[in-house]
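Single-letter residue listing:
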Amino acid sequence: MTDPRSQDIDLQEEAGAKFHRGSALSIFKSDRHEDFMALLLSLCIALGVYFLVA
Amino acid sequence: MVYTHKNPALLIMGLIMLAIGASVSLGWQAGVIQYLDLSKLTWEMTSLTYIFGGIAVVVGLWHLFGTHVEGHLDYYLSTVAGVIFILLIAMVVRWYLDPYIAVLSKAMGPVMGDKYLHDVLGLNYVVLGIVAGILVVNVFKVPRWAENGVRLSRLGLKTGVVLLGTLYSAAELQSLGGLSVMMIGVFVLGSVGLTLWLGARRNVPNSMGGVLSAGLGVCGVSAAVAAAPVVQAKSVEIAYTIGTILLWGVGCMFLFPVIGHLLNMSHLQFGAWAGTGILNSAQVAGAALAYQPDGIETLKVAEIFNITRVLVLPIIVVWLAVWYVKREESAPGVNAVRVIFEKFPVFVIGFLLMFGLSSTGIFAPAQHYQGKYFDNNIKEEKLLKPAQVETLRAEAAKVQREDQKAALARLMDNRKVMSPDDDDVLRGLVNAKALSKDANGVLKGAHKAVRHDAKKVAAFRDWITWLFAFGLVGLGMQITLASIKQAGGQPLVIGGIVGTLKAGLSLVVVLLFVHETI
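Heads up: the protein sequence lines correspond to chains X and P, in order.
Take the first sequence: its position 20, counted from the start at 1, is 29 in my numbering, and no numbers get skipped.
Take the second sequence: its position 212, counted from the start at 1, is 1592 in my numbering, and no numbers get skipped.
Derived from the structure by calculation, the hints contain no laboratory data.
Glycine included, each C-beta is placed from N, C-alpha and C at the ideal position.
Any given hint could be a false lead.
As the list claims (entries may be wrong) - With a cut-off of at most 20 Å between alpha-carbon atoms, the simulated EDC-like pairs for lysine to aspartate or glutamate come out as follows:
| hint | chain 1 | residue 1 | chain 2 | residue 2 |
| --- | --- | --- | --- | --- |
| 1 | P | Lys1824 | P | Asp1803 |
| 2 | P | Lys1706 | X | Asp40 |
| 3 | X | Lys38 | P | Glu1450 |
| 4 | P | Lys1824 | P | Glu1775 |
| 5 | P | Lys1765 | P | Glu1775 |
| 6 | X | Lys38 | P | Asp1454 |
| 7 | P | Lys1778 | P | Asp1818 |
Unchecked claim - Just so you have them, the derived chain X footprint on chain P, three or more residues with Cβ under 8 Å:
| hint | region |
| --- | --- |
| 8 | 1530-1538 |
| 9 | 1725-1731 |
| 10 | 1808-1820 |
Given the sequences, and given the hints that come with them, work out the whole structure.
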């Protein structure tokens, strides 16, 4: 284990790449977190389209 | 751990994007744009390249010359390199490779009805994007500086799925015929259920079975893409499913018309069979047009069945979400309701919400399908001119069929198409090539005047296209040859069994129960 203040704690090595957060497939800490980000992003896009496209 | 790499790649990619945008703005790509028929895309070719090129240059300078320490800023900004890397590949695919293949394919002439080879083979940006990603990872490897950003591809896919709900409307589902809803309901649910059952019997992972069931049951590639994040499908499983669907669809597209002619099926019967048994939308249209090249009746019926199938997608997405959570988390003593509540992919709710909003008519008239709708309340200048009416009147005697005569008469009297049914009948008349080129031109103009494309839904379509292109190129980058070997040939076997059963049983049902009404 490295310095406890380092993000290298719980370093995961998946598919040859090292990530200390998320998984090999996502930068988010959980699927639910990613789902909410997708909802937020789509809400922003929907509002943009609704108000900006005539 | 510091994620940011001191590498000039992001800066260089930003400059390349800006160069593409500037060359389009300055007209240096006019020849290419004309050759590849990109005039409709020039706006996005400049706006997207300037926006993302600008971001890439600014962040790229920071990557190269900034000081990076562990933390959120380093973690999230380091993803920009991978995002821009994927976007640049997606841009090349969408603006150059996909249109170039279409140009080459069109030069060869139609191969099925009015469908070209690239339609038949399903060679669009979805497939090309995945292939591009696979090539990058297997030939060059994903660069270290791009690895963190590639992990954002699934977010793009999920966002695209949420927005996909805007393309459909419950009102359109209500307007479909009872038989098509019943047949599609039985065959879609049956195919999904059978695929899931077969997958479990053959020890296929739940994620593979889930994504394959959506692809085989609903509407091919787009359903597979929509279901993939719901069942947490791996990249290679999505690729396998798409490959299976396209291979099966191409085979059906050539085989169905032959069987249809051998059995002397009516237009209605063949349309119902093709719309139920063939998996991918373009291939449904190809088979219908091949069966009846001189009219549109078969195509129309096939389209109705195909649309019905697509509109079942929300139900299937929810079913798969619940099924997957239960399968993955089920264990003795576990509260299934609680597990579903905790693990249910909440972005699916966003998809249903968008579908609900779209059904209210907030983005387009409620009776729309993918933003397209009929409305003949048009301005005076859009009505047929007297000379155009005379062109039609001079050739009206050539029309033999009563329904076409009546629709044509109403068009000439009112100088506009009077109903969606008339519009379909007149499209059939154009397809039959019974009239001169001038008269057909007038009919096509009358059709265009009453068929509208809602701008808001068109904007959503653009967003979905880009989010899927981004997501699929990124997913392709996670498909190594080793993972393809590991997945084995089970998807093809299951696809073959389910596809054959679906085609065979739907043929029997059509022959027994479908006669003259939908």
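Status of each hint after checking the structure:
Between P/Lys1824 and P/Asp1803 the alpha-carbon distance is near 10 Å, which keeps this suggested pair within the 20 Å criterion. Pair hint P/Lys1706 plus X/Asp40 holds up; C-alpha atoms about 16 Å apart against a cutoff of 20 Å. Distance restraint check for X/Lys38 and P/Glu1450: the Cα-Cα separation of roughly 17 Å lies within the 20 Å cut-off, and the hinted pair is therefore satisfied. Between P/Lys1824 and P/Glu1775 the alpha-carbon distance is near 15 Å, which keeps this suggested pair within the 20 Å criterion.
Proximity of P/Lys1765 to P/Glu1775 is assessed by CA-CA distance (about 16 Å); at most 20 Å being required, the pair is judged to hold. Between the alpha carbons of X/Lys38 and P/Asp1454 the distance comes to roughly 16 Å, so the proposed pair stays at or under 20 Å and holds. Annotation: proposed proximity of P/Lys1778 to P/Asp1818 holds, straight-line Cα distance about 14 Å (limit 20 Å). Under the rule that three or more residues need a Cβ within less than 8 Å of chain X, the assignment of the region 1530-1538 of chain P holds, with 5 such residues.
Check on the region 1725-1731 of chain P: 5 of its residues sit with their Cβ under 8 Å from a Cβ of chain X, so the three-residue criterion for coverage holds. Residues of the region 1808-1820 of chain P with a Cβ under 8 Å from some Cβ of chain X number 0, which does not satisfy the need for three, so the listed coverage is violated.
Going through the hint list in order, the structure does not satisfy hint 10, though it satisfies all others.
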